[in-house]
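**Student:** Fit chain B to the given chain A structure using the hints.
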Amino acid sequence: MNYGIVSQEQLEAIEEILTQKLIKLGVDCAIIIDMAGNIITVKDNSKSKYDIYSFAALAAGNFATVDAMAKLVGETEFSLLFHKGQDSNIHFSKIDDELLLITMFGRDISLGFLRLNVVEAIDQIKKVWDRQE
Amino acid sequence: MSFINLKDKVVQVKIVYYGPGRCGKTTNLEYINRKFREQIQSEMVSLKTHGDRTLFFDFLPFHMGQIKGYDIKIQLYTVPGQVKYNATRKLVLKGVDGIVFVADAMEKQREKNIRSLNQLHENLQAYKESIFKIPLVMQYNKVDLKDHGIPVLPISVLQQDLNSRLQVPYFEASAITGYNVAATLKKIISSTVVSIQKKLL
Chain A
974 MNYGIVSQEQ
984 LEAIEEILTQ
994 KLIKLGVDCA
1004 IIIDMAGNII
1014 TVKDNSKSKY
1024 DIYSFAALAA
1034 GNFATVDAMA
1044 KLVGETEFSL
1054 LFHKGQDSNI
1064 HFSKIDDELL
1074 LITMFGRDIS
1084 LGFLRLNVVE
1094 AIDQIKKVWD
1104 RQE
Chain B
485 MSFINLKDKV
495 VQVKIVYYGP
505 GRCGKTTNLE
515 YINRKFREQI
525 QSEMVSLKTH
535 GDRTLFFDFL
545 PFHMGQIKGY
555 DIKIQLYTVP
565 GQVKYNATRK
575 LVLKGVDGIV
585 FVADAMEKQR
595 EKNIRSLNQL
605 HENLQAYKES
615 IFKIPLVMQY
625 NKVDLKDHGI
635 PVLPISVLQQ
645 DLNSRLQVPY
655 FEASAITGYN
665 VAATLKKIIS
675 STVVSIQKKL
685 L
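Residue numbers (our numbering), protein chains in the order written: chain A, 974 to 1106; chain B, 485 to 685.
The shape of chain A in the complex, shown without the other chains (with noise of 0.2 Å):
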């Protein structure tokens, strides 16, 4: 995978999957970021402003931390991760072995909706990411 470098064409494509999946159903925030921290799209609801260049480094250090643990336990991933806040919560999903889909999300979604999208989402941007190959 020629991953680093990400055409016009495929960032639009999958901008229009976190849109389509999870913007339109009421998500306030959907980042995608790589294991290193850097990010490489976000899509929002163009009402929250998050600090996303810090979250993505944080989010990036959380998912490996889970990541060691799932070793120490003898998994070999722990592919999700969920956050819930009283108003707001975070989710947390593999999408390969470099790149992770974070969601935030208020409480109006129901988590099991949320998931079922993300799958969608994931499998939807898998493809637009193999083309590259």
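No lab work stands behind these hints: they were computed from the structure. Since this is a predicted model, take the numbers as computed values, not measurements. Wrong hints could be hidden among the right ones.
As the list claims (entries may be wrong) - Quick list of in silico lysine to any residue cross-link-like pairs, SDA-like style, CA-CA up to 20 Å: (1) B/596 <-> B/505; (2) A/1022 <-> B/492; (3) A/1016 <-> B/491; (4) A/1044 <-> B/570; (5) A/1016 <-> B/494; (6) B/574 <-> A/1071; (7) A/1016 <-> B/570; (8) A/1020 <-> A/993; (9) B/682 <-> A/978; (10) B/491 <-> A/1072.
Stated by the list, open to error - Each pair of labels, with its calculated beta carbon distance range: (11) B/527 <-> A/1050: 26 to 36 Å; (12) A/978 <-> B/650: 42 to 52 Å; (13) B/638 <-> A/1022: 46 to 56 Å; (14) B/638 <-> A/1059: 50 to 60 Å.
All C-beta atoms in this analysis are idealised placements derived from N, C-alpha and C, irrespective of residue type, glycine included.
**Tutor:** Positioned in the frame of chain A, the structure of chain B alone reads:
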């Protein structure tokens, strides 16, 4: 590995400050955070223990302006220096583009510097990177301590210990007063950007 976004014309570059415990990695970032406030759009993130020791990393995003129409976003990280945290140090090194090795010039820290550099070499190998190829700058920190009567290693000894084989650019510095902090940063940014350009062409 740096990430290049062709649509928004953004290049993200990851630079890690590495070195033994209490050598001044976080102090470097704190100085940069104060001094270059107008180029930094967000707060510095520090994951530390109650005793103010770095637990996971510090993170400081830094804007460098444009090169050939591309926005360069520099992401500065530190690693935790304490010996027991090597697993986390390794995690922070993932995808690194350039490294500043901060050595502690105090005489009693001589061995710790060498150990830390050797471990950096091993940690990079785990990511199939080579300490001899990656952009690297040496910073001999705390040189101001000799004015306070604390024994400090001469630069020639530090060079012999740490830089005799690597032969990378080096700076004497004092992170607490800011002496050569900006010079170190400029050097690592330019080496890293040049190395990324070479890889792309």
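**Student:** If you draw a straight line from the CA of residue 1016 of chain A to the CA of residue 570 of chain B, is it 20 Å or shorter?
**Tutor:** 35 Å, violated
**Student:** Do residue 527 of chain B and residue 1050 of chain A keep their Cβ atoms within the hinted range of 26 to 36 Å?
**Tutor:** 31 Å, holds
**Student:** Keeping to a limit of 20 Å between CA atoms, is the pair of residue 1016 of chain A and residue 491 of chain B held or broken?
**Tutor:** Holds, at about 14 Å.
**Student:** So does residue 978 of chain A sit 42 to 52 Å from residue 650 of chain B, Cβ to Cβ?
**Tutor:** 29 Å, violated
**Student:** Quickly compare the C-alpha distance for residue 1020 of chain A and residue 993 of chain A to 20 Å and report which way the hint goes.
**Tutor:** Answer holds: residue 1020 of chain A to residue 993 of chain A is near 17 Å, not above 20 Å.
**Student:** Is residue 1022 of chain A within 20 Å of residue 492 of chain B, Cα to Cα?
**Tutor:** Holds. Residue 1022 of chain A to residue 492 of chain B sits at ~19 Å (cutoff 20 Å).
**Student:** Does the hinted range 50 to 60 Å hold for residue 638 of chain B and residue 1059 of chain A at CB?
**Tutor:** Given a distance of about 57 Å, which is inside 50 to 60 Å, the answer is holds.
**Student:** Given the proposed pairing of residue 1016 of chain A with residue 494 of chain B, does the C-alpha separation stay at or below 20 Å?
**Tutor:** Given pair residue 1016 of chain A, residue 494 of chain B holds - Cα atoms ~16 Å apart, limit 20 Å.
**Student:** What's the verdict on residue 574 of chain B and residue 1071 of chain A, does the C-alpha distance respect the 20 Å limit or exceed it?
**Tutor:** Given that 20 Å is the threshold and the Cα spacing comes to 16 Å, the pair holds.
**Student:** Taking 46 to 56 Å as the stated bounds, is the beta-carbon spacing between residue 638 of chain B and residue 1022 of chain A within them?
**Tutor:** Check passed, 51 Å falls within 46 to 56 Å.
**Student:** Sort out whether residue 1072 of chain A lies within 20 Å of residue 491 of chain B, counting only the CA atoms.
**Tutor:** 18 Å, holds
**Student:** Holds or violated: residue 1044 of chain A and residue 570 of chain B, Cα atoms, limit 20 Å.
**Tutor:** 16 Å, holds
Against the hints set out earlier in the document, violations occur for numbers 7, 12.
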